[in-house]
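Enquirer: So the sequence lines, in the order shown, correspond to chains A and B.
If you count the first sequence from 1, position 148 lands on 148 in our numbering, and the numbers rise without skipping.
If you count the second sequence from 1, position 82 lands on 82 in our numbering, and the numbers rise without skipping.
It is worth saying that the hints were derived from the structure and are not from the lab.
All C-beta atoms in this analysis are idealised placements derived from N, C-alpha and C, irrespective of residue type, glycine included.
Check the hints yourself; a few may be wrong.
As the list claims (entries may be wrong) - Which residues of chain A face chain B? A partial, calculated answer using Cβ under 10 Å:
(1) Ser-39
(2) Gln-46
(3) Thr-47
(4) Leu-71
(5) Leu-76
(6) Ile-79
(7) Lys-85
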Amino acid sequence: MKTLALVFALAFVISGCGAQLTPAAAVADTATKAIQSASVILKTAQTAHAQTNPMTGKPVVSTVQLDQIALAADKLGRIGSLLSKTITDYQAARAAGASTVTIVAAIQALVGDAMSALNEIGKSVPNGTVAAIDQAVASAFSLYAQIRAAAL
Amino acid sequence: MADTNSAGPNSLVVLNSAIALVSTVMPEVGALVMGLKMIWQKQNPGKTDAEYMAALMAASDQLVSDADAQLIADGFTRVDGKWVPPTPAPGGQG
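So that you can see chain B by itself, here it is in the shape it has in the complex (with noise of 0.2 Å):
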């Protein structure tokens, strides 16, 4: 399963020899091109898809953990993968 991201790493490869050469010669362009090579890398930071995926389950786990750490503090337990809420305590006002 090779399918990465086709403006990847060897992309940006191609784009730093480029800039090199370029800011060599031409110190002016070399800046503008440094600009436009920010633009780029914030459209297209190089990740593959793979890192697509474990961005988006790290983020997942992390909005689980924190959200189930508010539920348990509030007395939330889990029974069969749903959550209880507790019991209000008798003569409490619920």
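For reference, chain A alone in the conformation it holds in the complex (with noise of 0.2 Å):
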């Protein structure tokens, strides 16, 4: 009996260190993982764009359709920089006791930024052309989604 309570006494413990990150650090955990998502977009296109579609003897991803993602992705890694610095800022305002309305505003901005150029894709390639990018997309859109959600 004793042995049962010291199990769920460490479950608890356990369970309870899981979900303590901070605001700021979860915002960037899960703005990586979209970046991330956005990388195996940009891999996914340039391997499509290699391969023909044997129906109609061109490539499943076009030039024009691969240079769309690619800016796509150019916009969203710079997004990405930007939003690292700009937590940072947070931080720092934060730990100095000033406002952070400014920079929560500029976070979400950027944050409305990518979901944008993500829409950019999503108008280049249709629904349909290769099921990894439209899963990719669905992915990263759902990870913005989170840090819009997210409370700074």
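Take the two lone chains, each set in its own frame, and fit them into one complex as the hints suggest.
Expert: Structure (structure tokens):
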């Protein structure tokens, strides 16, 4: 009985420790996953560009589509860098006891820009062209929606 | 700015000590607790906030680098912070 109590006590302590990322770390971690999804989209598009659609005899993803994805990926990457810097500014302002309202608004604006860039990918590669791209776009959208809803 | 993850390395040291103690006395319980520790570590790898920012920066830089390599390979040039598509060759099919 003592053993069981000890196990439950440890499980309680462990589960309590699990969800203690600071809000800034949680946003950065989620944003990292969204950026990694964008990397998957770019690599998948590059692979699909090298493959020929047997029905049309043309690449599965055309050069124009690949370029549009690369432009959106470039934009997403730059937004990610800016997001990292802005979250660091947020932490500094918070530590100094200064207002974070403007910085939080800037973070939300960057997330909005990231979602627009993902929309561009959605438009350039219609749903169903490459299933892995559809999935990665949906995954990245979901991650950015989490950041948008996060309480900083 | 010591705003580090509150469940960081110190928590892990305490946890490891507890697991070592339990494992010595009761090996079966130790195995179970090890499993729980793996779940804990998966949720909370014990990184500091600065490390989360660095990971975001590294992933972003890598994405920019890969995307830019593709655009340059396709003839794009970056002018005043904007990507300019290649000019179609005269008589080309564009």
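Enquirer: Evaluate each hint against the coordinates.
Expert: We went through each hint and held it up to the structure:
1. Ser-39: holds, 5 Å
2. Gln-46: Interface hint status for A:Gln-46: holds (7 Å vs cutoff 10 Å).
3. Thr-47: violated, 12 Å
4. Leu-71: holds, 6 Å
5. Leu-76: holds, 6 Å
6. Ile-79: Constraint on A:Ile-79 satisfied, holds at 8 Å.
7. Lys-85: Check passed: Cβ of A:Lys-85 comes within 8 Å of chain B, closer than 10 Å.
Hint 3 from the list above is the single one not met by this structure.
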